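Peer 1: Going letter by letter, the sequence shown gives residues 14 to 167 in our numbering.
The hints are simulated quantities; they were obtained by calculation from the structure and are not laboratory data. These numbers were taken from a predicted model, which means no experiment stands behind them. Treat the hints loosely; a few may be bogus.
Pairs of lysine-lysine, BS3-like flavour, derived with a Cα cap of 30 Å [as the list claims (entries may be wrong)]:
#, residue 1, residue 2
1, Lys92, Lys105
2, Lys119, Lys108
3, Lys105, Lys86
4, Lys152, Lys86
5, Lys119, Lys152
6, Lys91, Lys152
7, Lys108, Lys120
8, Lys91, Lys105
9, Lys119, Lys105
10, Lys30, Lys42
11, Lys30, Lys49
12, Lys108, Lys91
13, Lys120, Lys86
14, Lys42, Lys108
15, Lys42, Lys92
16, Lys105, Lys152
Using C-beta positions, here's what the derived DEER-type ranges look like [stated by the list, open to error]:
#, residue 1, residue 2, range
17, Pro38, Glu156, 49 to 57 Å
18, Leu21, Glu61, 49 to 57 Å
19, Thr122, Leu54, 53 to 61 Å
We treat Cβ as the ideally placed atom computed from N, Cα and C, and that holds for glycine.
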Amino acid sequence: MVQKHSFLNHHTIEMMKTALPYMNPQAQKSIEVLVKTEELLDTVHVLEQPSELSACNVNKEPFDMEAMLLQMKQVGTKKEQETIDSLLNFMKMQKLLQAYSLFINKKQTTDSNSETKDASGSQDTLMEFLMSQLSPEQKSNFENINLVLNAMNN
Numbered sequence: 014m015v016q017k018h019s020f021l022n023h024h025t026i027e028m029m030k031t032a033l034p035y036m037n038p039q040a041q042k043s044i045e046v047l048v049k050t051e052e053l054l055d056t057v058h059v060l061e062q063p064s065e066l067s068a069c070n071v072n073k074e075p076f077d078m079e080a081m082l083l084q085m086k087q088v089g090t091k092k093e094q095e096t097i098d099s100l101l102n103f104m105k106m107q108k109l110l111q112a113y114s115l116f117i118n119k120k121q122t123t124d125s126n127s128e129t130k131d132a133s134g135s136q137d138t139l140m141e142f143l144m145s146q147l148s149p150e151q152k153s154n155f156e157n158i159n160l161v162l163n164a165m166n167n
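Using the sequences provided together with the hints, build the complete structure.
Peer 2: Now the structure itself:
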């Protein structure tokens with residue numbers, strides 16, 4: 014068991030917080046620093062403890078980038094919201110390309126005639142077309158985001 018490195022217990026900290034408004038301003042500052050330090054030490058102590066449920070893989074949920082970005086958009090500035098919208102659009106475009114790629118690959122395996130052998134070229138053509146519709150800055154952003162998303166998925 015990891016020992017707690019705090020010299021004040023939870024009750025003492027709560028008592029100090031309660032008395033804080035009644036202290037002179039100089040004492041308040043010192044006590045506030047002490048209380049915040051103790052709270053930080055408590056947090057570090059909790060984080061050092063292994064989670065009992067982690068062995069059961071209960072807390073391991075897949076990372077949902079879109080949900081995180083949507084939540085961040087709600088508190089972002091106008092410029093940040095625009096950037097997040099761009100990121101979300103790039104993610105949708107990537108999913109669309111992946112779905113199209115799966116469709117083409119599936120179609121190639123079911124059809125063995127020569128027409129479907131040209132389909133892989135059409136996938137590249139579609140990607141080239143979509144990329145041609147982007148400004149140079151958007152292309153650069155898409156490539157960077159694509160690298161990050163691919164790294165996160167692997």
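Peer 1: Each of the hints needs a verdict: does it hold here or not?
Peer 2: To see whether the hints hold, each was checked on the structure:
Our distance criterion of 30 Å between C-alpha atoms is met by lysine 92 and lysine 105, whose separation comes to about 20 Å. This hinted pair checks out: lysine 119 and lysine 108 have alpha carbons roughly 16 Å apart, not beyond 30 Å. Between the alpha carbons of lysine 105 and lysine 86 the distance comes to roughly 16 Å, so the proposed pair stays at or under 30 Å and holds. Under the criterion of a C-alpha separation no larger than 30 Å, the hint pairing lysine 152 with lysine 86 is consistent with the structure, at around 22 Å.
In summary, the hint linking lysine 119 to lysine 152 is supported, as the alpha carbons are separated by about 28 Å, within the 30 Å threshold. Distance check on the hinted pair: lysine 91 and lysine 152 sit about 22 Å apart at the alpha-carbon level, within 30 Å; holds. Annotation: proposed proximity of lysine 108 to lysine 120 holds, straight-line Cα distance about 18 Å (limit 30 Å). With a C-alpha separation of about 21 Å, the suggested pairing of lysine 91 with lysine 105 holds against the 30 Å cut-off.
A C-alpha spacing of about 21 Å is found between lysine 119 and lysine 105, which places the hinted pair at or below 30 Å, so the restraint holds. Between lysine 30 and lysine 42 the CA atoms are separated by roughly 12 Å; this keeps the pair inside 30 Å, and the hint holds. A hinted pair counts as satisfied when its Cα atoms are at most 30 Å apart, and lysine 30 with lysine 49 qualifies at roughly 10 Å. Taking the CA atoms of lysine 108 and lysine 91, the gap is about 26 Å. The hint holds against a cut of 30 Å.
The hinted pair formed by lysine 120 and lysine 86 fails the criterion: a straight-line CA distance of about 38 Å is larger than 30 Å. With a CA separation close to 53 Å, the supplied pair lysine 42 and lysine 108 exceeds the 30 Å bound. About 37 Å separates the Cα atoms of lysine 42 and lysine 92, which puts this hinted pair outside 30 Å; it is violated. Restraint check for lysine 105 and lysine 152: satisfied, since their Cα atoms lie roughly 15 Å apart, inside the 30 Å limit.
Distance hint check: the CB atoms of proline 38 and glutamate 156 are about 55 Å apart, consistent with the given range 49 to 57 Å. Between leucine 21 and glutamate 61 the Cβ separation comes to about 18 Å, which falls outside the hinted range of 49 to 57 Å. Our hint of 53 to 61 Å for threonine 122 and leucine 54 holds, since their Cβ atoms are close to 60 Å apart.
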